[in-house]
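Student: Quick mapping for you: the protein sequence lines, in order, are chains A and B.
If you read the first sequence in the working numbering, its first letter stands for residue 1, the second for the next number, and so on.
If you read the second sequence in the working numbering, its first letter stands for residue 1, the second for the next number, and so on.
Derived from the structure by calculation, the hints contain no laboratory data.
The list makes no distinction among identical chains, and a pair is therefore deemed to hold if it is satisfied within one copy or across any two copies.
Pairs of lysine to aspartate or glutamate, EDC-like flavour, derived with a Cα cap of 20 Å:
#1 K424 with E190
#2 K233 with E205
#3 K138 with E19
#4 K233 with E323
#5 K410 with E169
Protein chains: 2
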Amino acid sequence: MTLEAVLSRIDETLPDSCERLMELMRIPSISTDPEFDADCAQAANWLVQELKSLGFSASSRPTPGHPMVIGRHTGPGRHILFYGHYDVQPVDPLELWARDPFDPQIEETPKGRVIRGRGAGDDKGQLMTFIEACRAWKDVHGTLPGNLTIFFEGEEESGSPSLIPFLEENSEELSADLALICDTGMFADEVPAIVTMLRGLAKIEFTIRAANKDLHSGMFGGVAINPIRVITKILGGLHDDQGRVTLPGFYDDVAELPEAVAAQWQGLGFDHAAFLGGVGLTTPAGEVDRTPLEQIWSRPTAEINGIWGGYTGAGFKTVLPAEASAKVSFRLVSEQDPDKILASFKAWIAAQLPPDCELVWTGPNGSPAAVMEITDPAFEATREALSEEWERPAAFVGCGGSIPIAGYFKDILGMDAMLVGFGKDDDQIHSPNEKYDLQSFHKGIRSWARVLERIAG
Amino acid sequence: MTLEAVLSRIDETLPDSCERLMELMRIPSISTDPEFDADCAQAANWLVQELKSLGFSASSRPTPGHPMVIGRHTGPGRHILFYGHYDVQPVDPLELWARDPFDPQIEETPKGRVIRGRGAGDDKGQLMTFIEACRAWKDVHGTLPGNLTIFFEGEEESGSPSLIPFLEENSEELSADLALICDTGMFADEVPAIVTMLRGLAKIEFTIRAANKDLHSGMFGGVAINPIRVITKILGGLHDDQGRVTLPGFYDDVAELPEAVAAQWQGLGFDHAAFLGGVGLTTPAGEVDRTPLEQIWSRPTAEINGIWGGYTGAGFKTVLPAEASAKVSFRLVSEQDPDKILASFKAWIAAQLPPDCELVWTGPNGSPAAVMEITDPAFEATREALSEEWERPAAFVGCGGSIPIAGYFKDILGMDAMLVGFGKDDDQIHSPNEKYDLQSFHKGIRSWARVLERIAG
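Bound conformation, chain A alone (with noise of 0.2 Å):
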């Protein structure tokens, strides 16, 4: 059985695996600070030598942004398109990591060994798994399976960008007849899930200016509109007492979830006890009319992302600045439009503006939120080779997070994706200390050379 011979190849060369995925994540390619633009590119070039070593034909292509990775291997059957991103978050605050986040090592811990470092989770290990399958797949068969193009992009942490140009440009290379996208979790620690349903994302940062310097609220306290009362006053009404977003119309195009969905996800059993006691919290803080698993897969958001203004420093300074800054998104469902919903946002808060404020925008970007068609039969055999792997039965879930490319790969391509990810709750992506599994690299690798098995040839 060849497959077998692949899951041993896989099980012996582990620990290099593990080798290979650090010396890619000490490159500390954070998109959204132009600081590591060439960290970005020397990702990018790592990504390319590591394709051409397996056998595909492998380039980095220039955007306005950073570069994207194209991998292609010509053979038998569906054409199948892999998608990762390259790209880490910023690591600040950085005081809060116990080491180096670009310093990667193994580390055990009461919950099993994992690999840790910015990027481990997020999504470098995850591409990896299925760079990894596709090297013990060659080493088994003497050649790559199938009909395959990789693709990789830099952006996928500061909004994208470069990729609707990208795709659009180049269509007819990236048109398969299949996405799989893996930058998603599992639904619990043993539990894998194909997700079906991923929220969109608007977001947006504005400046509330008043006088055209700081003051002295000893001199002008009292008489001086300060930019600090209008953005809590402003945004402090973003919430009703309900856990529901004021903006209006935000609600207008979201539908309600099926019902056999809702019953699929209630037989999940959901323990969000335990998942909000996992990061310190007790209590569910969104619409208390919906259900936690509701909350963060299937409603929408409003988030307060960043707020700045005045003195922060050390001590204490008596000032009226002129300005206060917010970051704010938005995580979206169904059929809200982005452009609609940042639009609302901006006039909202633009009615509520006193005299003597004038308004900066900067950054609005977004895109819809995603649900899959699930007929195609690859999800179904998707679903069998994870359950095969995990000794459990893989769920078909939805996905808070916005993971974009998804939307755009149907809009642009015409293409349907399936999202397969090995990551855990506690991998602490976007925060200090991120890590991934050695569990979810190991089985996440040998789950793709699975999946593979029953799609791909």
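Once you've looked at the hints, dock chain B against the given chain A.
Tutor: Then chain B, alone, in the frame of chain A:
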């Protein structure tokens, strides 16, 4: 006429006086930041040498914080104590300064020559007016005027933590018949003023903590409480639609302005449009049923001086932060008790805190408002001296800022204080590009010579 001789001497030696002031301004004596502790000590030592060179017996006195400077000249007449502070505000945002804040220079501006740099107006330029007046006096008379104590502190911009114990421990040495405090401004560009009503100040910093780490809004958005949402919701309710502070009991101890004072203020013809226009504003933002002069002089306020939480760097990070913080201060009037106001604020915040959130409080401190008795004939003598120098009738006015020292002098040393200063509304104290008009410095020195002629010796 020896007064004329002293005034002439002041005119002739003005360039030297400016050079000495700029030498003091080159010492970055930021009291609120421990990094500048040595600079504060250096500024104190510089002043000690200056006072000694004039014939004062002077010394720098250690405290648990920054040193106090005391100079003493024993002579005939009422014992007068002069107070100023040698510490300065932090300089951030540094990028808004047109030049190094600690490399002062004299600049030509459309409104006349100014001394530009941190501390020019608050309070180094002001305290040097008195020293330079003493210098010219001594040059002409051969001796210092009257019976003088000089008292400079170095913690005024950081809440004066050492002041009360120091006053208590040195009350015999520091208890004079009258205090002169030079840390205030002119009423208008050419209208000198004696402040007889000062607002108090209560300030506090707090942090709201929720999850035990930063979370990813894709995974936790909607279900996990966001401390920025909590802090904006709470602080957004600090003022009502009429500009009133909503804190329970906030106005309980606020007296209405006596009719006579209100009438005098009405007569000052305060041009609030020009006052606000100077900083790019048009509309008074305080209590809608109060005049702008009441809003800054005789009404209490609540201001958010700083707020921060989440990701505030370049680009976007869809984080749900673990905490959010703010610095809040209250300007107090009449009989408002700082401790009572801060206790009310803390209770008000705590009462609105949702589940899973905890509060951490930092650095509460405060000082009450002060209202001077102006029956001492020195007040009227000083008003005459100022009116003569500036050729405009000097006014008895209120002051929006808090100069707690006036209250401490009264409470601890049993001594009344007369607040005279030469700052202008556009001095940008506490802001980038702080300046002191050369006219303020020059006529300030001359004013003190006239005041000393009338009340010393």
